[in-house]
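Protein chains: 2
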Amino acid sequence: MKKNIGPRTVGFPTPVVLVGTTDGEGRPNLVTLAWVGICCSEPPAVQVSLRPSRYSHAAIVGRGAFSVCVPSKRYMDQTDFCGIASGRSCDKFAAAGLTVESGPELGLPLVAEFPVCLECRLLHTFTVGSHDLFVGEIVSCSAEESVLDARGRLDPNALEALVYMPGDGYYDLGPRLGSSFEVGKRLMPHE
Amino acid sequence: MKKNIGPRTVGFPTPVVLVGTTDGEGRPNLVTLAWVGICCSEPPAVQVSLRPSRYSHAAIVGRGAFSVCVPSKRYMDQTDFCGIASGRSCDKFAAAGLTVESGPELGLPLVAEFPVCLECRLLHTFTVGSHDLFVGEIVSCSAEESVLDARGRLDPNALEALVYMPGDGYYDLGPRLGSSFEVGKRLMPHE
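Line by line, the protein sequences are chains L and H. The first sequence begins at 1 in our numbering and counts up one residue at a time. The second sequence begins at 1 in our numbering and counts up one residue at a time.
Hints were generated in silico from the structure; no laboratory data involved. Honestly, I wouldn't trust all of these hints.
Same chains, same label: a pair holds when it works inside one copy or across any pair of copies.
No more than 20 Å apart at the CA atoms, straight line, and that leaves these computed lysine to aspartate or glutamate pairs for EDC-like [claimed, not checked]:
#	residue 1	residue 2
1	Lys73	Asp91
2	Lys73	Glu113
3	Lys73	Asp172
4	Lys3	Glu25
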């Protein structure tokens, strides 16, 4: 029997990504977000949610696009920093020692040091409460050669992925336990 | 310099949860989803996205609510199974050997064997493409005593959390690497 500890946003691991934008003067900026998730397969789309007070909010609306830059674990400090500092008062790329790379489809700022970055075209903006939910169609996925396998597909083990537990901190990705759409077949009723 | 491998929904770890509903005849059902993410802090809210063809889609709309049941890694097979089988043709709770527990606020089906389950009241339904995005306000968080610390807060290390890599499979949560809103302070410019 479980105990009700009240409504809260904890309980499962989430992604942690740096969302890249350019402001009205074309300056690249980053904001770290964990209120993020894939939300559609066709077209491939991702939701990122943030408070209207964040500097990146107006930049996403203004540009009608954003990037999703996926850090490897060695960039944990930079990831955390970009969630604490504000682009209003500092150049986060410079302060974090990260390099801007231009996205192939929309020219959005990507982080050169990170293994994977997505470019997203803003499809929808929905107000939920404290946060607005942006849905972006993924139009490119740029990956370092070092994280692609022999068939040119992303190798999850090569990402050195960072996992986030809300209200707590950052975790390493542990060992692979099993294949999706496979291990569950063991429980399929026999016809 | 990165290589553009085209738009796709891969690149970062995601949650993997079982969404619980009751159908028009009151029968409890579960569906496994990874297109899920927290999307608001006040009120606490979560987005879950699924295809209209899924049996649970009509159940979420009909009931105006859903639960989010978070598996521990020992339930990987059951988690995968509930993403393969359909509630139209089988009782997934029975087939997976899982026990229904009733949620404290909305009476939604929770999985007794799982460490954490949320109940959510449907706030919004947005059509994105192949998937509809449901936003649910989290109204309760039910946790096993075994995953609560001495102060009654969720202990992430006790969850034995399961992490998902889209297009690949299930992973263990690895070691804790650092505290959020803390490790990034090392990079703060000195005033």
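Outcome of the hint check:
1. With identical chains, the CA atoms of Lys73 and Asp91 are never at most 20 Å apart, being 22 Å at best within one copy and 41 Å at best between copies.
2. Only within a single protomer do Lys73 and Glu113 lie at most 20 Å apart by alpha-carbon distance; the minimum there is 11 Å, versus 32 Å between protomers.
3. Within a single copy, Lys73 and Asp172 get their C-alpha atoms as close as 7 Å, and across copies as close as 16 Å, so both meet the 20 Å cut-off.
4. For the identical chains of this complex, Lys3 and Glu25 are neighbours neither inside a copy (51 Å) nor across copies (28 Å), given an alpha-carbon limit of 20 Å.
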